[in-house]
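Student: As a plain string of letters, each chain reads:
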Amino acid sequence: MSQAALKVDAVSKSYGAVKALDTLSLAVEQGEFVALLGPNGAGKSTLFQLLTGLFVPDEGAIEVAGYNMRRDSRAALAKLGVVFQQPTLDLDLSVVANLKFHARLHGMGAKAKARIDDELARIGQAERAKDPARALSGGNRRKIELARALLHEPALLLMDEPTVGLDPGSRELLVDYVHKLCAERGMGVLWATHLVDEAERAHRVIVLHKGQRIAVDTPRALCEQTDTTSLGAAFLALTGEAPKKKEETV
Amino acid sequence: MARIAHVFQALMAVSSRETVKFMHQRGRLASAVVRPSLWLLIFAAGFKNVFGISVLPPYESYIEYQVYVVPGLLGMVLLFNGMQSSLAMVYDREMGLMRLLLTAPLPRSVLLACKLLAGTFLSVLQAYAFLVVCALFGVDLPWWPGLLTVLPALILTGLMLGALGLLLSVYIKQLENFAGTMNFVIFPMFFLSPALYPLWRLQESGATVIYQLSRINPFTHGVELVRFALYGQLNAVSLAVVAGTLVVFFAAAVWGYDPQRGLVRRRG
Numbered sequence: 001m002s003q004a005a006l007k008v009d010a011v012s013k014s015y016g017a018v019k020a021l022d023t024l025s026l027a028v029e030q031g032e033f034v035a036l037l038g039p040n041g042a043g044k045s046t047l048f049q050l051l052t053g054l055f056v057p058d059e060g061a062i063e064v065a066g067y068n069m070r071r072d073s074r075a076a077l078a079k080l081g082v083v084f085q086q087p088t089l090d091l092d093l094s095v096v097a098n099l100k101f102h103a104r105l106h107g108m109g110a111k112a113k114a115r116i117d118d119e120l121a122r123i124g125q126a127e128r129a130k131d132p133a134r135a136l137s138g139g140n141r142r143k144i145e146l147a148r149a150l151l152h153e154p155a156l157l158l159m160d161e162p163t164v165g166l167d168p169g170s171r172e173l174l175v176d177y178v179h180k181l182c183a184e185r186g187m188g189v190l191w192a193t194h195l196v197d198e199a200e201r202a203h204r205v206i207v208l209h210k211g212q213r214i215a216v217d218t219p220r221a222l223c224e225q226t227d228t229t230s231l232g233a234a235f236l237a238l239t240g241e242a243p244k245k246k247e248e249t250v
Numbered sequence: 001m002a003r004i005a006h007v008f009q010a011l012m013a014v015s016s017r018e019t020v021k022f023m024h025q026r027g028r029l030a031s032a033v034v035r036p037s038l039w040l041l042i043f044a045a046g047f048k049n050v051f052g053i054s055v056l057p058p059y060e061s062y063i064e065y066q067v068y069v070v071p072g073l074l075g076m077v078l079l080f081n082g083m084q085s086s087l088a089m090v091y092d093r094e095m096g097l098m099r100l101l102l103t104a105p106l107p108r109s110v111l112l113a114c115k116l117l118a119g120t121f122l123s124v125l126q127a128y129a130f131l132v133v134c135a136l137f138g139v140d141l142p143w144w145p146g147l148l149t150v151l152p153a154l155i156l157t158g159l160m161l162g163a164l165g166l167l168l169s170v171y172i173k174q175l176e177n178f179a180g181t182m183n184f185v186i187f188p189m190f191f192l193s194p195a196l197y198p199l200w201r202l203q204e205s206g207a208t209v210i211y212q213l214s215r216i217n218p219f220t221h222g223v224e225l226v227r228f229a230l231y232g233q234l235n236a237v238s239l240a241v242v243a244g245t246l247v248v249f250f251a252a253a254v255w256g257y258d259p260q261r262g263l264v265r266r267r268g
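As you go down the protein sequences, you meet chains R and W in turn. Final position of the first sequence in full-length UniProt numbering is 250; the numbers increase by one with none missing. Final position of the second sequence in full-length UniProt numbering is 268; the numbers increase by one with none missing.
Check before you lean on any hint, since a few could be wrong.
[As the list claims (entries may be wrong)] Chain R stretches covered by chain W per the calculated footprint, using a threshold of three residues with CB under 8 Å from any CB of chain W:
{"hint": "1", "region": "51-59"}
{"hint": "2", "region": "77-85"}
{"hint": "3", "region": "104-113"}
{"hint": "4", "region": "205-216"}
[To be verified] Derived DSBU-like pairs: lysine-lysine, alpha-carbon spacing no greater than 35 Å straight-line:
{"hint": "5", "chain 1": "R", "residue 1": "K7", "chain 2": "R", "residue 2": "K210"}
{"hint": "6", "chain 1": "R", "residue 1": "K180", "chain 2": "R", "residue 2": "K130"}
{"hint": "7", "chain 1": "R", "residue 1": "K210", "chain 2": "R", "residue 2": "K180"}
{"hint": "8", "chain 1": "R", "residue 1": "K111", "chain 2": "R", "residue 2": "K130"}
{"hint": "9", "chain 1": "R", "residue 1": "K113", "chain 2": "W", "residue 2": "K21"}
{"hint": "10", "chain 1": "R", "residue 1": "K113", "chain 2": "R", "residue 2": "K130"}
{"hint": "11", "chain 1": "R", "residue 1": "K19", "chain 2": "W", "residue 2": "K173"}
{"hint": "12", "chain 1": "R", "residue 1": "K19", "chain 2": "R", "residue 2": "K210"}
{"hint": "13", "chain 1": "R", "residue 1": "K111", "chain 2": "W", "residue 2": "K21"}
{"hint": "14", "chain 1": "R", "residue 1": "K7", "chain 2": "R", "residue 2": "K180"}
{"hint": "15", "chain 1": "W", "residue 1": "K21", "chain 2": "R", "residue 2": "K130"}
{"hint": "16", "chain 1": "R", "residue 1": "K130", "chain 2": "W", "residue 2": "K173"}
{"hint": "17", "chain 1": "W", "residue 1": "K173", "chain 2": "R", "residue 2": "K7"}
{"hint": "18", "chain 1": "R", "residue 1": "K210", "chain 2": "W", "residue 2": "K173"}
{"hint": "19", "chain 1": "R", "residue 1": "K111", "chain 2": "R", "residue 2": "K180"}
{"hint": "20", "chain 1": "R", "residue 1": "K7", "chain 2": "R", "residue 2": "K19"}
{"hint": "21", "chain 1": "R", "residue 1": "K180", "chain 2": "R", "residue 2": "K113"}
{"hint": "22", "chain 1": "W", "residue 1": "K21", "chain 2": "W", "residue 2": "K173"}
{"hint": "23", "chain 1": "R", "residue 1": "K7", "chain 2": "R", "residue 2": "K111"}
{"hint": "24", "chain 1": "R", "residue 1": "K113", "chain 2": "R", "residue 2": "K7"}
Honestly, the hints are just simulated from the structure, not real lab data. Glycine residues also receive a C-beta, built at the ideal position from the N, C-alpha and C atoms.
For reference, chain R alone in the conformation it holds in the complex (with noise of 0.2 Å):
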């Protein structure tokens, strides 16, 4: 069998007396999409801290393509790519000078412009790539950090909540796309989202609750296994807890 994309195995993580999260194991394999799906305060963020090395875990080990978190880190962080819920582009630079910044500090050297000219392209932007990063929408810098993530090529795509604050068009276009992605370059995904429509077409979701895994299967699964007729239905089933099923506008 191939390497995983992503292995974690047994990870605990402490703050003081709360347990973000409890001895959570899964796995990404190459190609796949996994949704990692849980109610706010679930745990999600803290597991992508830990999956990003920005912490690190009490107990238990993380794996990226092979290469362990804490022993490995540069070689898991360089097969790692990263949507954080955050937005992360540097406003007052343009497009394309926000992207040489990722790709000079993953040290892609002379062949980061083609790859930066090849990632705008598929995304529609080649054009904007000189304005300022300020000047885009909301959807189009969502895209811009997509693209900004698969420049060095990784392994593994962590997509963190990445459709907060998108209209419904921009949301259905940015998963259309990872899942193609997906498909067309054995790169294994995790999105974690709290918006069960997200997780529909996921080949496997993972229902994340309290800092635990409660669930682990194809939608489709989760519903026979809570004798439901939606995923909304299920996870409601798993975690008691309402479902929502698009953004809530503020």
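Mind docking chain W on chain R? Use the hints.
Tutor: Same frame as chain R, but now just chain W:
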């Protein structure tokens, strides 16, 4: 080799971003030059006849107050910019950009060193901009080879104050807290130093505690290192203190940014 090339690229990434941003912020460049210039032209003009500066090393004869105050004001430029890079770190953290930086496949110490070098480059640039102002107003400095010999001292002092900025950025959690913290750092450091008057004056006036505090202030040694270097001389004690403090501040900052200890406060 590939590793060195990678580190160099990361340095260029951080450095060019900060330089581009700096150039966009005209106000920052202007204030970096105007602030010490005001001290030089107004404060020093007013105090010209109040302080008599006796002959003390590295000076070989009596000097004007304006001449005395320049190294201190260079220190001020470096100090403000060092703190500014701290502000930039806190800003990046609030904006989420810090995460991008910290997920780069490089050791954190290297990433922090890139930040430090990029900030120091801007510090030194501003220090030279201020020296141009000094030249324009006819301050009697040893321009040649002083402009050249002062460079290593400016770099080292800039690094030391930049490392202090990095260290502070570990503990300043929010932008709002920044101004307050700065008042507790910039002003005491600047006033407890020989930037504006020689320390023996403090001793003479019996302000023993202030005198002793000033002597252990690393900024004091930064200013003296710059002062001596401007005259082509080496103040070995100051060099040792500045270099030692740089190592300590930087090591503490790296420690503070260690993932085991946590940099960003927890969310969700």
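Student: Against this structure, judge whether each hint is valid.
Tutor: The hints, checked one at a time:
| no. | hint | verdict |
| --- | --- | --- |
| 1 | 51-59 | holds (count 5) |
| 2 | 77-85 | holds (count 5) |
| 3 | 104-113 | holds (count 6) |
| 4 | 205-216 | violated (count 0) |
| 5 | R/K7 x R/K210 | holds (20 Å) |
| 6 | R/K180 x R/K130 | holds (27 Å) |
| 7 | R/K210 x R/K180 | holds (31 Å) |
| 8 | R/K111 x R/K130 | holds (19 Å) |
| 9 | R/K113 x W/K21 | holds (22 Å) |
| 10 | R/K113 x R/K130 | holds (13 Å) |
| 11 | R/K19 x W/K173 | holds (23 Å) |
| 12 | R/K19 x R/K210 | holds (8 Å) |
| 13 | R/K111 x W/K21 | holds (25 Å) |
| 14 | R/K7 x R/K180 | holds (22 Å) |
| 15 | W/K21 x R/K130 | holds (16 Å) |
| 16 | R/K130 x W/K173 | holds (33 Å) |
| 17 | W/K173 x R/K7 | holds (32 Å) |
| 18 | R/K210 x W/K173 | holds (27 Å) |
| 19 | R/K111 x R/K180 | holds (24 Å) |
| 20 | R/K7 x R/K19 | holds (21 Å) |
| 21 | R/K180 x R/K113 | holds (23 Å) |
| 22 | W/K21 x W/K173 | holds (22 Å) |
| 23 | R/K7 x R/K111 | holds (30 Å) |
| 24 | R/K113 x R/K7 | holds (32 Å) |
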